[in-house]
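Undergrad: Which chain is which? The protein sequence lines are Z and W, in order.
Numbering follows the numbering used here, with no gaps: position 127 of the first sequence is 127.
Heads up, the numbering used here is the position in the second sequence plus 169, with the first residue counted as 1.
The set of hints was computed from the structure by calculation and includes no laboratory data.
One should not assume that every hint holds.
Stretches of chain Z that chain W covers, calculated by requiring three or more beta carbons in the stretch to come under 8 Å of a beta carbon on chain W [said to hold, decoys possible]: (1) 58 to 66; (2) 77 to 83; (3) 112 to 125; (4) 138 to 148.
Computed spacing ranges between beta-carbons, pair by pair [said to hold, decoys possible]: (5) W:R562 - Z:E95: 49 to 57 Å; (6) W:T425 - Z:N99: 35 to 43 Å; (7) W:W381 - Z:R167: 32 to 40 Å; (8) W:N422 - Z:G157: 42 to 50 Å; (9) W:S358 - Z:K80: 40 to 48 Å; (10) W:G525 - Z:P111: 17 to 25 Å.
Think of the CB as a built atom: it goes at the ideal place given N, C-alpha and C, for glycine as much as any other residue.
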Amino acid sequence: MKAATPMKNRTSLTAIRSCTLCLCVLLASCSSIPMPSFLRNPAAEAVVYALGPRDGFTSPLNGSLKPACPALTFESTDFKLTSAHQEALHSLAQEMLKNKKSRLLIAGYTPPNLPPDHARSLSERRALAVRQRLIELGFEAANLQTVGFGNDFSPSGPSSDVVAVYRQN
Amino acid sequence: MNARALLLILPLLVCHGTRAQAGVLDKMRGWVGLGGKSRTEEPKKIMSRIQVGTFSGGTGASAQQTLRQELLDSREFFVADAAEKADYIVDGTSSGGRVTGKLRDAKGKEIFQRSYAAPGLDENLKALTDDVIYTITGRPGLATSRIVFVSDVSGKRQIYICDSEGRELHQVTHDKHGAVAPSLSPDSSMIAFTSYRSGFPIIRLLDLNLGWERGVTDTPGSSFGSAFSPDGTHLAAVMSFIGNPEIFVSDLNTNTAACVSDSVGAPSSPSWHPDGHQLVFSSDDGDGPKLYVVEVPKKVGDASRLFRWRTGYHFCTDPEWSPDGRHIAFTTRTGGEWTVAIKPYPNGGVHVVQAGGAEHPSWSPNGHFITYVQHGELFVHDVRSGNRRSILRGYGRITEPRWMR
Numbered sequence: 001m002k003a004a005t006p007m008k009n010r011t012s013l014t015a016i017r018s019c020t021l022c023l024c025v026l027l028a029s030c031s032s033i034p035m036p037s038f039l040r041n042p043a044a045e046a047v048v049y050a051l052g053p054r055d056g057f058t059s060p061l062n063g064s065l066k067p068a069c070p071a072l073t074f075e076s077t078d079f080k081l082t083s084a085h086q087e088a089l090h091s092l093a094q095e096m097l098k099n100k101k102s103r104l105l106i107a108g109y110t111p112p113n114l115p116p117d118h119a120r121s122l123s124e125r126r127a128l129a130v131r132q133r134l135i136e137l138g139f140e141a142a143n144l145q146t147v148g149f150g151n152d153f154s155p156s157g158p159s160s161d162v163v164a165v166y167r168q169n
Numbered sequence: 170m171n172a173r174a175l176l177l178i179l180p181l182l183v184c185h186g187t188r189a190q191a192g193v194l195d196k197m198r199g200w201v202g203l204g205g206k207s208r209t210e211e212p213k214k215i216m217s218r219i220q221v222g223t224f225s226g227g228t229g230a231s232a233q234q235t236l237r238q239e240l241l242d243s244r245e246f247f248v249a250d251a252a253e254k255a256d257y258i259v260d261g262t263s264s265g266g267r268v269t270g271k272l273r274d275a276k277g278k279e280i281f282q283r284s285y286a287a288p289g290l291d292e293n294l295k296a297l298t299d300d301v302i303y304t305i306t307g308r309p310g311l312a313t314s315r316i317v318f319v320s321d322v323s324g325k326r327q328i329y330i331c332d333s334e335g336r337e338l339h340q341v342t343h344d345k346h347g348a349v350a351p352s353l354s355p356d357s358s359m360i361a362f363t364s365y366r367s368g369f370p371i372i373r374l375l376d377l378n379l380g381w382e383r384g385v386t387d388t389p390g391s392s393f394g395s396a397f398s399p400d401g402t403h404l405a406a407v408m409s410f411i412g413n414p415e416i417f418v419s420d421l422n423t424n425t426a427a428c429v430s431d432s433v434g435a436p437s438s439p440s441w442h443p444d445g446h447q448l449v450f451s452s453d454d455g456d457g458p459k460l461y462v463v464e465v466p467k468k469v470g471d472a473s474r475l476f477r478w479r480t481g482y483h484f485c486t487d488p489e490w491s492p493d494g495r496h497i498a499f500t501t502r503t504g505g506e507w508t509v510a511i512k513p514y515p516n517g518g519v520h521v522v523q524a525g526g527a528e529h530p531s532w533s534p535n536g537h538f539i540t541y542v543q544h545g546e547l548f549v550h551d552v553r554s555g556n557r558r559s560i561l562r563g564y565g566r567i568t569e570p571r572w573m574r
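Chain W on its own, in the form it takes in the complex (with noise of 0.2 Å):
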């Protein structure tokens, strides 16, 4: 090996931080390009002890008991029993399911107290439980979350919604042809998908709380891959009516759409990050998918910049930026099978989630967790401890799992 080799491979082998599982040539693969130190590992915080206190009425041992197991499940405390000291304390009163919450801490100081008057005990809770985590954490809780998926257990693809335990779970669309492709708006109160109804692929939204749906494009070609932006007013998504397939992104207020890529071949999967200012998508030029990473123009006629976005791999489709925006996780092939992994963003070594099948990621709100399709069935991987669980199975084939951003 001569010197300047020598001197090229050094640099890579000093800056490498790739946490990969998936054997050298993943690693490797990790190395190339990459730099950087990697963000993947995070100093690890202490944990909030938290106690749950009495509740007092009709369904007060219920509510109780419930609450603690629902802190518990979250993984963000730790739960203290009676006799113990804790940070926090949440009481209350309970009666006919609704439920009075009283979030204090140490030293008895009111923190707050809010009433939840759903029908049902538990939705009361899960609703208490994310008040509580996200007063103390600043994360958004897990509880109320929902994911949407596509499945074909009926006999048509059609889009179903659960909860992060795979629970609860309805059918949302009945289209003629069937619906694909969904995406939750950031309050989950709105679906957009791609319907089938016409017999054309077409975007349309669907507002969960009130049953109305429109159409968002109906244009010539396909229009498919929406993804709602951070506050909710925007939708990007790919539509092919100029003659070639583009991103655009259109104004929920205004119908008006602009075109923010400036690709010559496939591409698919928008996603944004959490400032609403930039984009990441798979375009395939010819030679497998890549990562690609568009700036939004905050007004029409505003240059903006579009790069591509080396991750080591030739076949990068779904990106997904998270919460935080510090990482994009995204389906690639290694081995012959599909694999999602993660790589912060903008540097940084890659982490190799699953391998053997594992497709399409989505991120939790809080940024925990990563839910995914593997062979059909829906799991939810810890990015944290790597530890993972399949919510639903056999359910059909499920594809395209979206968690609530």
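With the rest of the complex left out, here is chain Z (with noise of 0.2 Å):
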């Protein structure tokens, strides 16, 4: 009975080393790991640049503007980019960049058939996701406005449920 005690403290000893030792290694690994969607805070994803002074900037409303890129045509009613916009947007920064100046406005529109309300909130957030990603693309914040028309203005294409980004001067 003596005998079998250190026998059982070591193994002891060895479970505690390894369940130690798994504990570091998940820990290290914590980074790599990624968290599943729904425990992700969206907000702390980016950062949010305010938008700047509107001065300078002319509305599609009073003149006809050239747009900068095709327009991001939104197919579901949602405000994330898809894989598409990106490669829109991409081209369009590669193309843009090149004058540090230049400066977008970025229309948001959607089809008559939704909540005048909710369109132009919605419009807007597209406007606003659009913005962002431009600025990760290396555009200046105050060189991009935003606008959300809703369906109270339908833009110039076939689609009513579009981003437009015109160029200003």
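Put the complex together from the two separate chains, hints included.
TA: Put into structure tokens, the structure is as follows:
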């Protein structure tokens, strides 16, 4: 009976060591384990940039503005950017960033079948999502303005569920 | 079905109080997570009997007849004939369109005597009707109430105003690119709206009596969805200048604004609780708009509680608190079409008021009616009886009606 005690102690010591090692490995790998989406706080993901003064920006209602890229079409009532949007914005950034002073007005539109006030907010939110991506691609935040027209006005083009990016001079 | 599932369903079945009229699915939605006894059904109150007595003077006969009709239309009283007993008697004088009305109780004791000297006999009698209703019932009358709405009848979206019968129709805004999202101040003297006159959506105030107009917000991004606080001193609205659309409350005296929401999505349509301490609004965080309630801090730095208010529906917009604060009306979607529904606050069953494309509900000042639009037509719906009638049709596409609060 007496001889069995050190053996028992040794076994429990080994178990504690193994547990500690596993815990250390787990903690070390925590940063590389993606957190499930429902636990993530979307607000913490990116810095949101406030809009600068609107002086000098022209509305598409006051004159015909030249689009900087083909309008970004949204299929669902979502405001998240798809890979097609990301590609289009990447190409736009490559072209426009040659001129550091280029300014853009990002205008959101929605189809007429949505409740008007929700449509205004959704279109503005989509325009802000596009602006956020353009800032991440290197644009100056002060050179990007947004407007959400909802379904109060229709854009030129076949789809009314779009975000249009207009050049400003 | 196992015992645990049965235990979960039983309380829901016991607690439901829905009066939804749109089929089993809607009723089931009403049960889920609602609980509590529905407060939609109120005990029936006995109507007071009122008699319209003689009005002397040149326009007296006409005044007597019109007042009787106004009181009948209000459906607040049983209007008794001359030979019948009544709890109240209203009589007076009328000459040249002016009216002096006197309200007495059954014993002949005078309750009030007031003179009305607005240009027009009808206008004076409507004011008298509302005074009689308010004095006897404690609720505001609808005879002088107004509904504002947006119509594209002129080719651009502009704001119009009419009475609760759809008459006395006037165009309010003549903005270059249009004006939308109107909201009437509690005393009906001012309209807050979203103007596109600069090409960008900004919120402006228009004084209906004096005619002056001023901007409330001219911030970058968009501003829209304004709603007057019950005391008329503050304006809740959506602004996006901080880089994200959020609900702000602006003090109209100091022109300062405080953010009260914490959204990552698209908030819209704030509406005040009649106590002025809470706001309900819709917000879409990427999976469809839902309703949220936020407490408005009394002073800067105070903590406020923000929570989701569940309706059982996935898509909810345009919420509006009833004048007594006991219900919220909102737009939702059933069977792929817009539907106006009401739900007691904080708990109770959902009651579908009108399906088939009805949207953007707004309560009458007495809380008995709801106005909404259905396929561009303006309706007034009696919440108590379920009867409804179209008050304006063929006037372009009507959207965003708001009844005076």
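Undergrad: Let me make sure I understand: some of the numbered hints might not hold for this structure. Which ones are they, in numerical order?
TA: none
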